[in-house]
Amino acid sequence: MAYHSFLLEPISCHAWNKDRTQIALCPNNHEVHIYRKDGAKWSKVHELKEHNGQVTGIDWAPESNRLVTCGTDRNAYVWTLKGNVWKPTLVILRINRAARCVKWSPKENKFAVGSGSRLISICYFEQENDWWVCKHIKKPIRSTVLSLDWHPNNVLLAAGSCDFKCRIFSAYIKEVEERPSPTPWGSKMPFGELMFESSSSCGWVHSICFSASGNRVAWVSHDSTLCLADANKKMAVVSLCTETLPLLAVTFITESSLVAAGHDCYPMLFTYDEGPGTLSFGGKLDVPKQSSQRGLTARERFQNLDKKASSDVANAALDTVHKNSISQISVLAGGKANCSQFCTTGMDGGMSIWDVKSLESALKDLRIK
Amino acid sequence: DSRRRGEALRALHAALRSAPAHTRSAALKEQAQGTMLRVLTSFKSSEIEQAVNSLDRNGIDLLMKYIYKGFEKPTENSSAILLQWHEKALAVGGLGSIVRVLTARKTV
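Residue numbers (my numbering), protein chains in the order written: chain S, 3 to 371; chain B, 1100 to 1207.
Quick caveat, the hints were computed from the structure, so don't treat them as lab data. Errors might be hidden in some of the hints.
[What the hints assert, rightly or not] Listed next, the in silico DSSO-like pairs over lysine-lysine satisfying Cα-Cα at most 27 Å (straight line):
{"no.": "1", "chain 1": "B", "residue 1": "Lys1187", "chain 2": "S", "residue 2": "Lys310"}
{"no.": "2", "chain 1": "S", "residue 1": "Lys325", "chain 2": "S", "residue 2": "Lys310"}
{"no.": "3", "chain 1": "S", "residue 1": "Lys39", "chain 2": "S", "residue 2": "Lys51"}
{"no.": "4", "chain 1": "B", "residue 1": "Lys1205", "chain 2": "S", "residue 2": "Lys141"}
{"no.": "5", "chain 1": "B", "residue 1": "Lys1187", "chain 2": "B", "residue 2": "Lys1205"}
{"no.": "6", "chain 1": "S", "residue 1": "Lys286", "chain 2": "B", "residue 2": "Lys1187"}
{"no.": "7", "chain 1": "S", "residue 1": "Lys310", "chain 2": "B", "residue 2": "Lys1172"}
{"no.": "8", "chain 1": "S", "residue 1": "Lys190", "chain 2": "S", "residue 2": "Lys176"}
{"no.": "9", "chain 1": "S", "residue 1": "Lys43", "chain 2": "S", "residue 2": "Lys325"}
{"no.": "10", "chain 1": "S", "residue 1": "Lys235", "chain 2": "S", "residue 2": "Lys46"}
{"no.": "11", "chain 1": "B", "residue 1": "Lys1205", "chain 2": "B", "residue 2": "Lys1143"}
{"no.": "12", "chain 1": "B", "residue 1": "Lys1187", "chain 2": "S", "residue 2": "Lys309"}
{"no.": "13", "chain 1": "S", "residue 1": "Lys310", "chain 2": "B", "residue 2": "Lys1128"}
{"no.": "14", "chain 1": "S", "residue 1": "Lys89", "chain 2": "S", "residue 2": "Lys140"}
{"no.": "15", "chain 1": "S", "residue 1": "Lys309", "chain 2": "B", "residue 2": "Lys1172"}
{"no.": "16", "chain 1": "S", "residue 1": "Lys310", "chain 2": "B", "residue 2": "Lys1168"}
{"no.": "17", "chain 1": "B", "residue 1": "Lys1205", "chain 2": "B", "residue 2": "Lys1172"}
{"no.": "18", "chain 1": "B", "residue 1": "Lys1168", "chain 2": "S", "residue 2": "Lys309"}
{"no.": "19", "chain 1": "B", "residue 1": "Lys1187", "chain 2": "B", "residue 2": "Lys1128"}
[To be verified] From chain B, some residues computed to sit far from chain S (all C-beta separations above 10 Å):
{"no.": "20", "residue": "Arg1123"}
{"no.": "21", "residue": "Ala1131"}
{"no.": "22", "residue": "Arg1137"}
{"no.": "23", "residue": "Asn1157"}
{"no.": "24", "residue": "Gly1195"}
The structure presented is a predicted model; accordingly, all values stated were derived computationally and were not measured. We treat Cβ as the ideally placed atom computed from N, Cα and C, and that holds for glycine.
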């Protein structure tokens, strides 16, 4: 576990470059800072100042090396590296509320922005006019779109929203791509077509993720549940009510295993069993530090009894790597099919890199399918 | 005594099964809450843990909803008993079961 404390404030969002030598993050303000790895240290190499409101989403396109950022100022910028300077290009999203999340499509010829305007802006570059244009997906979204993830076919887009639903839309743009071939989610995919809509959760959908093949989509919501829809099983939805506080981020690490994290400040493993169609909790993925066990004095015991109605010896301090909620998880190595490393950032201003092999050897009961 | 325990357990399961989840009638909900409180009170402190362990995940979540509903309008002795149920239900359901009480759109 490599933990680095970047800030004393929350990291709003982060994105890695292709070879994982640089990380772009928003330090809870209007800017984006890019840090480069220098041996064991991290040094700040760029400060991107263009937004007039907090930056709520960053995505770094691995092949074209472009950054896209979106913020509460209702704008998105596409950044291109010219020499040693990042140059922004404004993208008019035509929204009247804050932008909340942004994702490049797999082929990097489009990106999607979710916003409080209860719609998704799909942006693509128009060659003739030399600028980014956007189309809106509105129906039937009823509240803020909090999270987005693209299907590997570059057309389907999953969106998690504050109206408690997970939906899959077609974001097919005929100007930039060929008509897509049929998928288990459906065969007719005109722009804006609703391919799937869930109905099970009672909480805001904080994070959503397609599996590597795109045949499964998983999401976490504020009612402490994790849900998964399997297109190969007629889009049947499986949900798991967790015993933890709500999860804020989720990603697939294999086709059947997920890692999620949230307000409990540690990542956890979940497994999807295709046969019976069940989701199960696979274990806590945090290696606790050996803290010194000192006994409680009689005075402390009474104080505990008075304050917390329990005479538990347990320490009040967190023994997890992150000292505050984890808000984002990103896959670093191995892709979503066979992830060997993932990264978490949180409200404690820290970033932690987790190695799957080390976790498997440190936590004996872990079974990653 | 074991017969009394068995009856209390059956009453609990029955009360949970027939919980009026989709009704808008306040009277019906009030009645169900009253019944649930009587059932929960009929258990001896030592039997609560076993009763909680006999419930499935949905049962625990529903029980938690009733416990918090009971906290809203405390009677003579209700809070003390409900707190005991709360402790045992929390041990099995975790904080997630409480979160689901707060986020539930259909109240009991």
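The hints, checked one at a time:
1. A distance of roughly 16 Å separates the Cα atoms of Lys1187 (chain B) and Lys310 (chain S); the hinted pair therefore holds under the 27 Å criterion.
2. For a cut-off of 27 Å, the pair hint linking Lys325 (chain S) to Lys310 (chain S) stands: about 21 Å separates their Cα positions.
3. With a C-alpha separation of about 21 Å, the suggested pairing of Lys39 (chain S) with Lys51 (chain S) holds against the 27 Å cut-off.
4. For the hint pairing Lys1205 (chain B) with Lys141 (chain S), the CA-to-CA distance comes to about 25 Å; that is within 27 Å, so the pair holds.
5. A C-alpha spacing of about 24 Å is found between Lys1187 (chain B) and Lys1205 (chain B), which places the hinted pair at or below 27 Å, so the restraint holds.
6. The straight-line distance between the Cα atoms of Lys286 (chain S) and Lys1187 (chain B) is roughly 22 Å, inside the 27 Å bound, and the hint therefore holds.
7. The suggested pairing of Lys310 (chain S) with Lys1172 (chain B) holds, with an alpha-carbon distance near 23 Å, which does not exceed 27 Å.
8. Pair hint Lys190 (chain S) plus Lys176 (chain S) holds up; C-alpha atoms about 14 Å apart against a cutoff of 27 Å.
9. The straight-line distance between the Cα atoms of Lys43 (chain S) and Lys325 (chain S) is roughly 21 Å, inside the 27 Å bound, and the hint therefore holds.
10. Distance hint between Lys235 (chain S) and Lys46 (chain S) is unfulfilled; the C-alpha atoms sit about 47 Å from each other, more than 27 Å.
11. Restraint check for Lys1205 (chain B) and Lys1143 (chain B): not satisfied, since their Cα atoms lie roughly 30 Å apart, outside the 27 Å limit.
12. Under the criterion of a C-alpha separation no larger than 27 Å, the hint pairing Lys1187 (chain B) with Lys309 (chain S) is consistent with the structure, at around 20 Å.
13. Of the pairs offered as hints, the one joining Lys310 (chain S) and Lys1128 (chain B) is violated, with about 32 Å between alpha carbons and a cut-off of 27 Å exceeded.
14. Our distance criterion of 27 Å between C-alpha atoms is broken by Lys89 (chain S) and Lys140 (chain S), whose separation comes to about 31 Å.
15. Restraint check for Lys309 (chain S) and Lys1172 (chain B): satisfied, since their Cα atoms lie roughly 24 Å apart, inside the 27 Å limit.
16. At roughly 22 Å between alpha-carbon atoms, Lys310 (chain S) and Lys1168 (chain B) fall within 27 Å of each other, so this suggested pair holds.
17. For the proposed pair Lys1205 (chain B) and Lys1172 (chain B), the alpha carbon gap of about 19 Å is at most 27 Å, so the pair holds.
18. Distance restraint check for Lys1168 (chain B) and Lys309 (chain S): the Cα-Cα separation of roughly 24 Å lies within the 27 Å cut-off, and the hinted pair is therefore satisfied.
19. Simply put, Lys1187 (chain B) and Lys1128 (chain B) have alpha-carbon atoms about 24 Å apart, close enough for the 27 Å limit, and the pair holds.
20. Every C-beta of chain S lies more than 10 Å from that of Arg1123 (chain B), the closest at about 17 Å, which supports listing it as non-interface.
21. The non-interface label for Ala1131 (chain B) is consistent with chain S: the shortest C-beta to C-beta separation is roughly 20 Å, beyond 10 Å.
22. For Arg1137 (chain B), the requirement that its beta carbon stay farther than 10 Å from each beta carbon of chain S is met, with the minimum near 26 Å.
23. Not every CB of chain S lies more than 10 Å from the CB of Asn1157 (chain B), the least distance being 8 Å, so the non-interface label is violated.
24. With a least beta-carbon separation of about 4 Å from chain S, Gly1195 (chain B) fails to lie farther than 10 Å from that chain, contradicting its non-interface assignment.
The structure is inconsistent with the numbered hints 10, 11, 13, 14, 23 and 24, although it conforms to all the rest.
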